[in-house]
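Enquirer: Kindly generate the complete structure, drawing on both the sequences and the hints.
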Amino acid sequence: MSFPWAEEYRPKHPFMRWMDDRLPLPRLVYNSVGGGYPVPRNLNAFWNFGVLAGLALVIQIVTGIVLAMHYEPSVNGAFASVEHIMRDVNQGWFLRYLHANGASFFFIVTYIHIFRGLYYGSYKAPREMVWMLGLVIFLLMMATAFMGYVLPWGQMSFWGAQVITGLFGAIPLVGEPIQTWLVGGFAPDQATLTRFFSLHYLLPFVIAGVVILHIWALHIPGSGNPTGVDVKTPQDTVPFHPFYTAKDGWFAGAALTLLALLVFFLPNYLGHADNYIEANPLSTPAHIVPEWYFWPFYAILRAFTVDFILPAKLWGVLAMFGSILLLFFLPWLDKSPVRSGSYRPTFRIFFYVLLVDIAILGFCGGMPAEEPWVMLSQVATIYYFAYFLIILPVLSMVERTLPLPNSISESVLHGEKAEAAPLGAQPAAAE
Amino acid sequence: MDGVRRRDFINIAAVSFAGVGGATLLYPLVNQMNPTADVLALAQIDVDISAIEAGQAIKTVWRKQPIFIRNLTPAEIQAANAVDAGSLRDPQSLAERTKEGHNNWLITLGVCTHLGCVPLGAAEGENRGEYGGYFCPCHGSHYDTAARIRKGPAPLNLEVPEYEFLTDTSVRIG
Chain A
96 MSFPWAEEYR PKHPFMRWMD DRLPLPRLVY NSVGGGYPVP RNLNAFWNFG
146 VLAGLALVIQ IVTGIVLAMH YEPSVNGAFA SVEHIMRDVN QGWFLRYLHA
196 NGASFFFIVT YIHIFRGLYY GSYKAPREMV WMLGLVIFLL MMATAFMGYV
246 LPWGQMSFWG AQVITGLFGA IPLVGEPIQT WLVGGFAPDQ ATLTRFFSLH
296 YLLPFVIAGV VILHIWALHI PGSGNPTGVD VKTPQDTVPF HPFYTAKDGW
346 FAGAALTLLA LLVFFLPNYL GHADNYIEAN PLSTPAHIVP EWYFWPFYAI
396 LRAFTVDFIL PAKLWGVLAM FGSILLLFFL PWLDKSPVRS GSYRPTFRIF
446 FYVLLVDIAI LGFCGGMPAE EPWVMLSQVA TIYYFAYFLI ILPVLSMVER
496 TLPLPNSISE SVLHGEKAEA APLGAQPAAA E
Chain B
24 MDGVRRRDFI NIAAVSFAGV GGATLLYPLV NQMNPTADVL ALAQIDVDIS
74 AIEAGQAIKT VWRKQPIFIR NLTPAEIQAA NAVDAGSLRD PQSLAERTKE
124 GHNNWLITLG VCTHLGCVPL GAAEGENRGE YGGYFCPCHG SHYDTAARIR
174 KGPAPLNLEV PEYEFLTDTS VRIG
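The listed protein sequences correspond, in order, to chains A and B.
Plus 95 on top of the position in the first sequence (first one is 1) and you've got our numbering.
Plus 23 on top of the position in the second sequence (first one is 1) and you've got our numbering.
Do not take every clue at face value.
[Claimed, not checked] Partial list, computed: chain A residues near chain B (C-beta under 10 Å):
| hint | residue |
| --- | --- |
| 1 | L262 |
| 2 | P272 |
| 3 | G279 |
Note that these hints are calculated values from the structure, not bench results.
C-beta atoms are modelled at their ideal positions from N, C-alpha and C, and glycine is treated no differently.
Expert: Dropping the structure here:
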């Protein structure tokens with residue numbers, strides 16, 4: 096679906112007409128990312144990150160497939176085969192560094208993409224399915240990244256696998272059988288490595304499938320925009336191609352430049368030195384940390400130190416999974432009819448505190464489980480849950496929002512103040 | 024019954040048959056991920072403990088997991104018995120965690136009950152935590168001289184595996 100004024104696909108070349116009657120694939124492309132998809136004209140830079148995430152997925156799949164041609168998923172050979180890739184395979188160092196840092200790149204752009212959604216209320220009606228499918232992608236990404244990190248079979252790989260599969264052991268009664276089932280033994284070993292390799296290869300394609308659903312669901316109401324005001328007239332939109340293909344292209348170039356800086360000058364900056372030591376099941380590294388993109392969740396996991404009805408360990412696990420699962424309910428927790436944070440002055444303050452809060456959680460997640468980090472993560476965990484479960488629902492009832500512009504085109508008419516000013520005297524339309 | 028045709032029966036029967044068949048196929052697909060026969064075959068080991076002096080501990084491997092075998096000193100036994108077991112998070116006395124007549128031999132899994140790290144304390148010079156037993160560096164769980172959880176996030180004491188003394192200097196684990 097699209098707006099009624101969307102340009103229709105009219106192939107000129109006889110072959111394209113012939114094709115359109117038989118397999119209308121060019122029509123699909125034209126209507127989804129071509130001139131046939133009208134997009135709000137006022138999108139800011141934060142709307143580029145979805146495309147960047149798609150680009151990151153492509154980079155990961157391409158580099159991953161070629162790395163799999165040289166990698167050996169065995170407990171005796173995995174570590175050596177990664178060194179073989181680094182030293183012997185032609186440009187293997189580049190492919191592996193691109194894959195390892197590509198994962199970080201993927202998470203950076205995805206986190207910005209998610210925060211964009213949180214600020215501009217992208218999760219609100221009619222885009223709840225877009226939001227929830229995005230969360231499914233995020234969960235799949237985390238599973239894929241975790242299993243990929245195990246494959247080099249270094250110390251962090253091994254102990255990361257031990258700790259994360261141990262999370263399932265916290266479930267009462269069925270926990271231990273589930274953990275044994277997941278790792279295929281009583282501790283991570285060959286069976287674990289082989290199945291993680293198999294799934295690490297599979298899941299990116301599942302992600303690609305859900306990405307298609309995510310975009311499909313997005314294209315039903317069309318993209319949101321920084322004002323949160325619905326598209327009303329053709330003046331509010333421009334065709335995706337050439338306007339946003341060009342803008343996305345420019346941003347892709349800028350983002351890839353940053354990725355290249357990481358790959359060529361700081362390839363191990365985001366990694367951990369312990370993972371260049373081969374896995375040793377009898378010796379735990381002094382300080383086990385996951386990759387940086389899991390730190391906020393790791394901090395929440397470790398924030399629970401006191402038994403309260405349930406054991407502390409189970410609380411930690413529940414809170415960690417809960418911190419993501421509660422986002423599925425976000426469209427119904429935040430009932431404010433105003434989508435964009437730009438028109439919600441009080442919301443904005445709490446949102447910025449949330450950003451700082453998650454940064455603190457991330458920092459604590461990377462530190463050892465000692466004071467003051469444990470205490471700090473406890474406070475930060477409380478705010479994280481309070482933001483979604485208390486602050487947003489209350490705020491959506493009591494907040495006095497700013498007047499919304501009458502339309503998108505009105506909001507972008509700079510220099511024509513009389514026309515651009517929100518009609519403050521008039522009560523603002525709800526959306 | 025009225026309106027129930029022969030075809031309805033055939034439909035339901037066919038779909039049920041296919042459904043049960045599909046569900047049956049799930050069993051091997053799921054169960055193949057459980058430990059294989061060769062993994063389970065490593066489930067018993069014999070260990071010679073004659074060389075372990077009082078105050079020392081060794082690490083060995085059982086079912087791919089580390090095992091701590093510690094020869095407790097009288098002071099450590101005393102420290103463990105001095106605590107009221109009922110007041111602990113996972114109430115167990117030292118006697119319940121060791122074998123009759125071999126109360127100085129503390130044999131446990133070297134797997135932290137929090138998330139499965141190997142606690143420190145078995146090797147000479149390692150941090151043994153605030154209670155003088157084992158200390159897990161991952162999330163800061165402290166175990167006492169009977170390897171009982173005393174402080175930190177772990178919910179349970181270090182697990183005591185099935186074992187028996189074959190002689191005074193030899194144990195069979197598993």
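Enquirer: Does each hint fit the structure? Answer for all of them.
Expert: For each hint, the structure was consulted:
{"no.": "1", "hint": "L262", "in the structure": "holds (7 Å)"}
{"no.": "2", "hint": "P272", "in the structure": "holds (9 Å)"}
{"no.": "3", "hint": "G279", "in the structure": "holds (6 Å)"}
Of the numbered hints listed earlier, not one is contradicted by the structure.
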